[in-house]
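Chain Z is fixed; fit chain V onto it per the hints.
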Amino acid sequence: GDSVTQMEGPVTLSEEAFLTINCTYTATGYPSLFWYVQYPGEGLQLLLKATKADDKGSNKGFEATYRKETTSFHLEKGSVQVSDSAVYFCALSNLQGGSNYKLTFGKGTLLTVNP
Amino acid sequence: GAVVSQHPSWVICKSGTSVKIECRSLDFQATTMFWYRQFPKQSLMLMATSNEGSKATYEQGVEKDKFLINHASLTLSTLTVTSAHPEDSSFYICSAHPGVVNQPQHFGDGTRLSIL
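For the record, the sequence lines run as chains Z and V. The first sequence begins at 1 in the numbering used here and counts up one residue at a time. The second sequence begins at 1001 in the numbering used here and counts up one residue at a time.
The calculated lysine to any residue pairs, modelled on SDA-like cross-linking and capped at a C-alpha distance of 25 angstroms, are:
1. V:Lys1014 <-> V:Lys1066
2. V:Lys1014 <-> Z:Gly41
3. Z:Lys107 <-> V:Tyr1058
4. Z:Lys60 <-> V:Val1003
5. Z:Lys60 <-> V:Asp1027
6. V:Lys1041 <-> Z:Val82
7. V:Lys1041 <-> Z:Ser72
8. Z:Lys107 <-> V:Ser1114
9. V:Lys1041 <-> Z:Asn114
10. V:Lys1041 <-> Z:Glu42
11. V:Lys1041 <-> Z:Leu19
12. V:Lys1014 <-> Z:Glu42
13. Z:Lys107 <-> V:Leu1046
14. V:Lys1041 <-> Z:Thr12
15. V:Lys1041 <-> Z:Thr109
16. Z:Lys52 <-> V:Pro1098
17. V:Lys1055 <-> Z:Asn94
18. Z:Lys107 <-> V:Phe1039
19. Z:Lys52 <-> V:Thr1031
20. V:Lys1020 <-> Z:Gln45
21. Z:Lys107 <-> V:Met1045
22. Z:Lys52 <-> V:Val1101
23. V:Lys1041 <-> Z:Thr26
24. Z:Lys56 <-> V:Gly1099
25. V:Lys1041 <-> Z:Ser14
26. Z:Lys60 <-> V:Ser1043
27. V:Lys1041 <-> Z:Gln45
28. Z:Lys60 <-> V:Asp1109
29. V:Lys1041 <-> Z:Met7
30. Z:Lys107 <-> V:Lys1041
31. Z:Lys77 <-> V:Asn1102
32. V:Lys1041 <-> Z:Val113
33. Z:Lys56 <-> V:Asn1102
34. Z:Lys107 <-> V:Ser1043
35. Z:Lys60 <-> V:Phe1028
36. Z:Lys107 <-> V:Phe1091
Between beta-carbon pairs, the in silico distance windows are:
37. Z:Thr28 <-> V:Lys1014: 44 to 54 angstroms
38. Z:Gly78 <-> V:Leu1116: 41 to 51 angstroms
39. V:Thr1057 <-> Z:Glu16: 43 to 53 angstroms
In short, the hints are calculated from the structure, not lab data. Every residue, glycine too, gets a C-beta built ideally from N, C-alpha and C.
Extracted from the complex, chain V is given alone in its bound form:
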């Protein structure tokens, strides 16, 4: 099946640091990529949708200056958490879609971010 690689899987850093998370579609071209945040024992919360070569579309309540999203190619999107604080600690998951009707999103394995 389709493979989406997300890196790193776990990161611990000090408050005030910026952290970059990469999401790569390994065997298909992802015209659209999504970034989610998941709190413990909860469903996924969509943060933003990005189309290759365009600015990301952020969901209401998500700070675009805090969570920078870049989708520079059809196989790579990055999420940068700028000046991270403990409240940004969470599980972040990306997904990729090939832009074909009725096809599913394919998810990465997630990144556990812990801000001290």
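Bound-form chain Z, shown alone:
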């Protein structure tokens, strides 16, 4: 079945540091890929998405490129802020096999940014 593997946290950075959170996936066909962010005590918010190979999703300074050849969707940000502290989830949606828009999540990566 489909699966998502993302780097284990926690990740602790200083403000303005460069961020990379690795995400790789296993899936049949051509899944859509997503990054969601969860702030403490809240639900998930969509951060960015990509629906086909070589697409780059971007939002709020975060970027991720859909790399089919390496089955990866790494999240990057050039300069993190304290307000970026949250848990980040990589996820995929695969319509093959009648999955009905289900998401397969990675385990999440806790990011803490210190001033």
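Same frame as chain Z, now just chain V:
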């Protein structure tokens, strides 16, 4: 962006009580809604998938008689935790999908359920 409202955000009740959680899509029609459970410092665990007007499809290991799901309209789904016990205490999150290919699920803010 798309908005999903989940209510209540926090509920504390006695063991044996039934608790209803509502999930509403405010600005789009949700053909499919999902209910998740999240334990501390863990990822989301899918409990069930519901399509409007149909019976929910439960994931393996989820008791359908304990967690009743109703999706009576394209904008509202409810999860009722029946005869709740302390082990049912958790963070429950709903999401809604518009039924369009390549569109994301949109999540509610979650409900913190504490059973005493």
